[in-house]
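J.: Those protein sequence lines, which keep their order, are chains A and B.
Sequential numbering of the first sequence, starting at 1, is according to UniProt numbering.
Sequential numbering of the second sequence, starting at 1, is according to UniProt numbering.
Take these hints with a grain of salt, some might be off.
Which copy is meant is left open, so a pair is good if it fits within one copy or across any two.
Think about it this way: if two alpha-carbon atoms lie no more than 30 angstroms apart in a straight line, the pair counts; the simulated BS3-like pairs of lysine-lysine are [stated by the list, open to error]:
#1 K215 - K204
#2 K157 - K242
#3 K56 - K204
#4 K165 - K56
#5 K82 - K111
#6 K111 - K204
#7 K56 - K111
#8 K111 - K165
#9 K111 - K244
#10 K214 - K56
Read the hints as simulated data drawn from the structure, not as lab findings.
2 protein chains.
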Amino acid sequence: MFRNAKREAGKEGQSRKGKMKLEVYADRMSQPSRAVIIFCKVNGIDYTELKVDISKREHLTPEFAEINPMKQLPAIVDGKFKLFESHSILIYLACAFPGVADHWYPADLFKRSKIHSVLYWHHSNLRRAADTYVTNTTILPTLGHPSNQQAAAEAEKLLFSSLSKIESFWLKGDGPFLLGGNQPSIADLSLVCELMQLEVLDEKDRDRFFGPYKKVQQWIKHTRNATSPHFDNVHIILMKVKEKLTNKPLMEANHGGARDIEKRWRSRM
Amino acid sequence: MFRNAKREAGKEGQSRKGKMKLEVYADRMSQPSRAVIIFCKVNGIDYTELKVDISKREHLTPEFAEINPMKQLPAIVDGKFKLFESHSILIYLACAFPGVADHWYPADLFKRSKIHSVLYWHHSNLRRAADTYVTNTTILPTLGHPSNQQAAAEAEKLLFSSLSKIESFWLKGDGPFLLGGNQPSIADLSLVCELMQLEVLDEKDRDRFFGPYKKVQQWIKHTRNATSPHFDNVHIILMKVKEKLTNKPLMEANHGGARDIEKRWRSRM
Chain A
1 MFRNAKREAG
11 KEGQSRKGKM
21 KLEVYADRMS
31 QPSRAVIIFC
41 KVNGIDYTEL
51 KVDISKREHL
61 TPEFAEINPM
71 KQLPAIVDGK
81 FKLFESHSIL
91 IYLACAFPGV
101 ADHWYPADLF
111 KRSKIHSVLY
121 WHHSNLRRAA
131 DTYVTNTTIL
141 PTLGHPSNQQ
151 AAAEAEKLLF
161 SSLSKIESFW
171 LKGDGPFLLG
181 GNQPSIADLS
191 LVCELMQLEV
201 LDEKDRDRFF
211 GPYKKVQQWI
221 KHTRNATSPH
231 FDNVHIILMK
241 VKEKLTNKPL
251 MEANHGGARD
261 IEKRWRSRM
Chain B
1 MFRNAKREAG
11 KEGQSRKGKM
21 KLEVYADRMS
31 QPSRAVIIFC
41 KVNGIDYTEL
51 KVDISKREHL
61 TPEFAEINPM
71 KQLPAIVDGK
81 FKLFESHSIL
91 IYLACAFPGV
101 ADHWYPADLF
111 KRSKIHSVLY
121 WHHSNLRRAA
131 DTYVTNTTIL
141 PTLGHPSNQQ
151 AAAEAEKLLF
161 SSLSKIESFW
171 LKGDGPFLLG
181 GNQPSIADLS
191 LVCELMQLEV
201 LDEKDRDRFF
211 GPYKKVQQWI
221 KHTRNATSPH
231 FDNVHIILMK
241 VKEKLTNKPL
251 MEANHGGARD
261 IEKRWRSRM
């Protein structure tokens, strides 16, 4: 099914002898999908992007379960090797493709271990907070569904705490990136892509979160610049959602559009 | 403060020339702390265990914030290098100590990537489910506090789903360990230590969870045997809590004991 969907190959791809082209199964509505796609594009990895349309529930089909039995995006197939979970994919790509610059996932054990530390921390903090908050304050109310206020309040607290930790600890070094780096790592890309989903919040609410954190604001810009123009290109779909939410409340929009976005958001991973 | 607490060094320690002895900051009441301690013991890593007593809120002190600004356990200091998040610690130890057998964290990129996949999956599934369920069905009611029934119900669903995925997917290979391994990896150790906290549940409830999953039951036994006698020794504190919960309900126990356990559980990470 999704095999017939839009395919997009890297233009300046680096290929490996005797290897079939890497397949990336993704929907750009999912933030970890976007991180993997941006990573491939920035590093000139020769890949085929296979859209698994969440709004059409393609990720729940038996066909996709052959790729990822957890039915989540993104997933990759590299020859006979299948892998899911975006952080493990990013690490794999950085190691498997010799053209990827060291700063993305340094060979040095100490630097690499710190990046692991950020990535695991991210799972229990920023990822959990941002997702729960956006769902309960923006998506569900916009769609006219009841939201869990307690969950939103807890997520808000965790989101502030996560942003504060990024500002005061992960960004405390000399460089503009996490852990004091002068160039981004896979951790910068993953965390910034996560924060990008806050773009769909009401502007005042977004300012309330980001306002106190100047370093975080700069870091997002630096990550965006370091991965330009791919960062913006891959986020186009999110910006379209933001536009709809801002200018054209979904409840007042045509039903087809609202249903489409509802499906996308509800199935998001 | 915790520097004067109980110190326990590995007996058959492997040391590295010119390196100070590894310091492990832990409280055996925390399941990731137990995983790291068992790993050190099984692999004969020469370390000093520094107890950071959660019940005394030692993890929240400025002194411990110097070790881990996230104020969570476990954390390590290896010479000048500080690290937290148990999965990143386990990976670091497996790479930094040459005596650690390859099966714990294989050098092979494909095997290693699959282990990363399990570990990241674990964070958003089993870890979240087990923790939320135990807290809301056992700890809070035992202490006479109101619990969140909705959270417990969602956690129960995620816990069954996680166990089912372990049974049908992660354990589907020929070997007795995750990913078809014949020997355990750091993923086996981390996930089994997580499941061990279900020991404090009511027996019928525990049977309800584990009953349908025969492979999971066997896998826990295999992991325990492969890390014997350290596995049982490090879990003694959890078994004491289980005993108290089973034979002597906390609300009827002396207040000191109940308060002590409440503090421990409430501060658990």
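J.: Next step is simple, just say for each hint if it's right about the structure.
T.: Results of checking the hints against the structure:
no., hint, in the structure
1, K215 - K204, "within (19 angstroms within a copy, 51 angstroms between copies)"
2, K157 - K242, "within (23 angstroms within a copy, 32 angstroms between copies)"
3, K56 - K204, "neither (33 angstroms within a copy, 41 angstroms between copies)"
4, K165 - K56, "between (37 angstroms within a copy, 24 angstroms between copies)"
5, K82 - K111, "both (27 angstroms within a copy, 11 angstroms between copies)"
6, K111 - K204, "neither (37 angstroms within a copy, 46 angstroms between copies)"
7, K56 - K111, "neither (41 angstroms within a copy, 33 angstroms between copies)"
8, K111 - K165, "within (19 angstroms within a copy, 33 angstroms between copies)"
9, K111 - K244, "neither (41 angstroms within a copy, 44 angstroms between copies)"
10, K214 - K56, "neither (39 angstroms within a copy, 35 angstroms between copies)"
The structure is inconsistent with the numbered hints 3, 6, 7, 9, 10, although it conforms to all the rest.
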